[in-house]
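**Q** Chains C and E are the protein sequences, given in the same order. Anchor point for the first sequence: position 85 equals 85 in the numbering used here, and the numbering is continuous, going up by one each time. Anchor point for the second sequence: position 138 equals 138 in the numbering used here, and the numbering is continuous, going up by one each time.
In case anyone wonders, no lab produced these hints; they're calculated from the structure. Among the hints, a few may not be true.
Stated by the list, open to error - Below are the DSS-like pairs computed for lysine-lysine, each with C-alpha atoms no more than 27 Å apart in a straight line:
1. E/Lys317 x C/Lys106
2. E/Lys162 x C/Lys100
3. C/Lys142 x E/Lys162
4. E/Lys162 x C/Lys5
5. C/Lys44 x C/Lys30
6. E/Lys167 x C/Lys150
7. E/Lys317 x E/Lys363
Claimed, not checked - One side of the interface only, derived from the structure: several residues of chain E facing chain C at Cβ under 7 Å:
8. Ala25
9. Thr28
10. Phe80
11. Ala124
12. Pro138
13. Met154
14. Ala186
15. Leu199
16. Lys200
17. Leu204
18. Leu248
19. Gln251
20. Glu254
21. Tyr359
22. Glu360
Please read all numbers here as calculations on a predicted model, not as lab measurements. Positions of the beta carbon are idealized from the N, C-alpha and C atoms, including for glycine.
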Amino acid sequence: MSVQKFPGTKLSAKEMYSLPGLVESSPQAKYEFSAGPTISRFLKGLKEGKILGRRCPRCGRIYVPPRDYCEFCHVPLADWVEVPDTGRVETAVVSYISVKRERLEKPEVVGVIRLDVPGYPEDGYEFAGLFHRICMDPEEAKKDKTIGMKVKARWRPPEQRTGSILDIECFEPVG
Amino acid sequence: MVTNLFVKDRVAIVGAGMTTFMRRALETPRELAWEAAKMALDQAGLTLKDIDCVVIGSAPDTFDGVHMKGEYLADGSGAFNKPMTRVYVGGGTGVFIPVSAWWHVASGLCRTVLAVGEEKMSPAHPHPQYVFRYIWDPILHRPLEPNLIWIFAMEMRRYMAKCGAKKEDIALVSVKNKRNALDNPAAQLAANITVDDVLKSELLVWPVNELDISPVTDGAAALVITNENVARQVTDSPVWIEGLGFTLENQHWENRELAYPRYLNYAARMAYKMAGIERPWKEIDVAEPYDPFDYKELHHIEGLMLARPCEAWKLLKEGYFDRDGELPTSPSGGLLGVGNPIAAAGVMKVAELFWQLRYEAGKRQVKKPVHRAVANAWGDLMQAGTVIVLGN
Ligand SMILES: [Zn+2]
């Protein structure tokens, strides 16, 4: 026999905010994250205007972002290699909201860049890539041709770089 | 994927319960858990005395705003002085709860397990989306101030680009599931809407509009899971857990193809192998693919091998996945229609299949005869796949 009524009491927003004993709490937690040896080196590279990857001695994959170890071979990674700061748009979206879900005044384009890094099959399931902003017109970004479009990193001027992912301002279309 | 199964006891579901899914429940999280647990026990014709072990699942503590949520939910879930396990794989938790209950019983460790999922998302202010910022990599991602929806939008766009699907093709999932939810008395967002309504709803992160997404929800759901011996004593229509699978992808989603959910496909293959299913697209009669976003149902239909890669959206247009179609999906109304209290949502999907396989789904009952069903849930950074195959 099928259930016709399920337990639970729904409140309207007004009812909730006038509940007796409603408690408001804002935990003030603050964290300082260390990047670890591998990503610290990667960030130092960004400060110098270079994208650094790391090669697996066993399978030859070049990881960007770099790792300490190869997750497939489970061996430590050895060489550092500078990789091109160019690639293709793997996916791109247009955000109209902030991290807190407020409306943005100016929409922002972000996506994943499949970097021009050797050692991966073309259009393979895995690739070296970065998640970043894409400096382009939002309406252009929605067009089909954006996927696969060639892009290049737009670097901040050297004196403004801090050793952060933001040392790259964005990726922008080339050609 | 190699599994080596020495199963002591065959495992069945004999009862299911849930609360209404809603935004802003008056009840506290543990009261919600209690309501769902009690209903599941009542449906099984059992009491807490019959329960040996309890499995609780809940997604991040930050939603309810209560730490150690497993312990917090324990008494409402009937875990008082009993072995209790809390499981957690993000959004994949809901299906991981009965998966975990299965091994408690299959191993012979416990005869009967109460399995409970709960989430209360409305306490988080200004919006629970903000809580999700903590899932992003603190060094490489958070400086870009990402909103949670970005990642799903990126995946949806990739699916559209790779598979040739348009926004209006994908919006049909939302239309179908919210319509299915009209027959679900527990549903939060049941509605007769059109594709146009989805396309005209608030644009959040193109290609995602508000009606592409499941809502903020409070709720709980529970299952009673037991061995064959007990199951035969308490019911004439046990629903057997015939297969299960769970796998985890790496966390580096910016380094892999987002158009196809490999995380799910591995888990699905594991579950089908255990259930002896070779052609899931023929052998599965009804499915509850995880649908927190409309494109995600299509993605998961393909990962579950109920359709070929990039073909789910074409079949959807033909009505293939409607309640009276060849392979009904989300007859419950899914997360898009019933609501998405994260861990409870996955349990709700398994509960729906339990009712479908017992022909107890009332107006939601699918038209075709049903023997085998599959549900999945997914979580973390496009990572966790959890799958359960049920049979009657
Ligand atoms: Zn390797």
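**Q** Now tell me, hint by hint, if it's right for this structure.
**A** Evaluation of the provided hints:
1. Distance restraint check for E/Lys317 and C/Lys106: the Cα-Cα separation of roughly 35 Å exceeds the 27 Å cut-off, and the hinted pair is therefore not satisfied.
2. Between the alpha carbons of E/Lys162 and C/Lys100 the distance comes to roughly 30 Å, so the proposed pair goes past 27 Å and is violated.
3. Restraint check: the Cα-Cα separation between C/Lys142 and E/Lys162 comes to about 14 Å, which is no more than 27 Å; the hinted pair holds.
4. Pair hint E/Lys162 plus C/Lys5 does not hold up; C-alpha atoms about 43 Å apart against a cutoff of 27 Å.
5. Taking the CA atoms of C/Lys44 and C/Lys30, the gap is about 25 Å. The hint holds against a cut of 27 Å.
6. For the hint linking E/Lys167 to C/Lys150, the alpha-carbon distance of about 24 Å falls within 27 Å, and the restraint holds.
7. In summary, the hint linking E/Lys317 to E/Lys363 is supported, as the alpha carbons are separated by about 23 Å, within the 27 Å threshold.
8. Below 7 Å, beta-carbon pairs count as interface contacts, and E/Ala25 has one with chain C at about 6 Å; its hint therefore holds.
9. Taken as an interface hint, E/Thr28 does not check out: its beta carbon lies about 11 Å from the nearest beta carbon of chain C, beyond 7 Å.
10. With 7 Å as the threshold, the beta carbon of E/Phe80 stays out of range of chain C, its nearest partner Cβ sitting at about 20 Å, so the hint is violated.
11. Residue-level restraint check for E/Ala124 is violated (minimum Cβ-Cβ distance to chain C is 11 Å; threshold 7 Å).
12. For E/Pro138, the shortest C-beta to C-beta distance to chain C is roughly 4 Å, which falls under 7 Å, so the interface hint holds.
13. Because the closest C-beta pair between E/Met154 and chain C is about 5 Å apart, less than 7 Å, the hint holds.
14. Interface hint at E/Ala186: satisfied, since its Cβ lies 4 Å from the closest Cβ of chain C, which is below the 7 Å cut-off.
15. Among the interface hints, the one on E/Leu199 is violated; its C-beta lies about 13 Å from the nearest C-beta in chain C, farther than the 7 Å criterion.
16. Interface restraint check: E/Lys200 against chain C, minimum CB-CB distance 14 Å, threshold 7 Å, status violated.
17. Of the supplied interface hints, the one on E/Leu204 holds, with its beta-carbon coming within about 5 Å of a beta-carbon of chain C, less than 7 Å.
18. A cut of 7 Å between beta carbons decides the hint on E/Leu248: the least distance to chain C is about 11 Å, and the hint is violated.
19. Given the 7 Å rule on beta carbons, the hint for E/Gln251 is violated: about 10 Å separates it from the nearest Cβ of chain C.
20. Interface restraint check: E/Glu254 against chain C, minimum CB-CB distance 4 Å, threshold 7 Å, status holds.
21. Residue-level restraint check for E/Tyr359 is violated (minimum Cβ-Cβ distance to chain C is 9 Å; threshold 7 Å).
22. Look at E/Glu360: its Cβ gets to within about 5 Å of chain C, closer than 7 Å, so that hint holds up.
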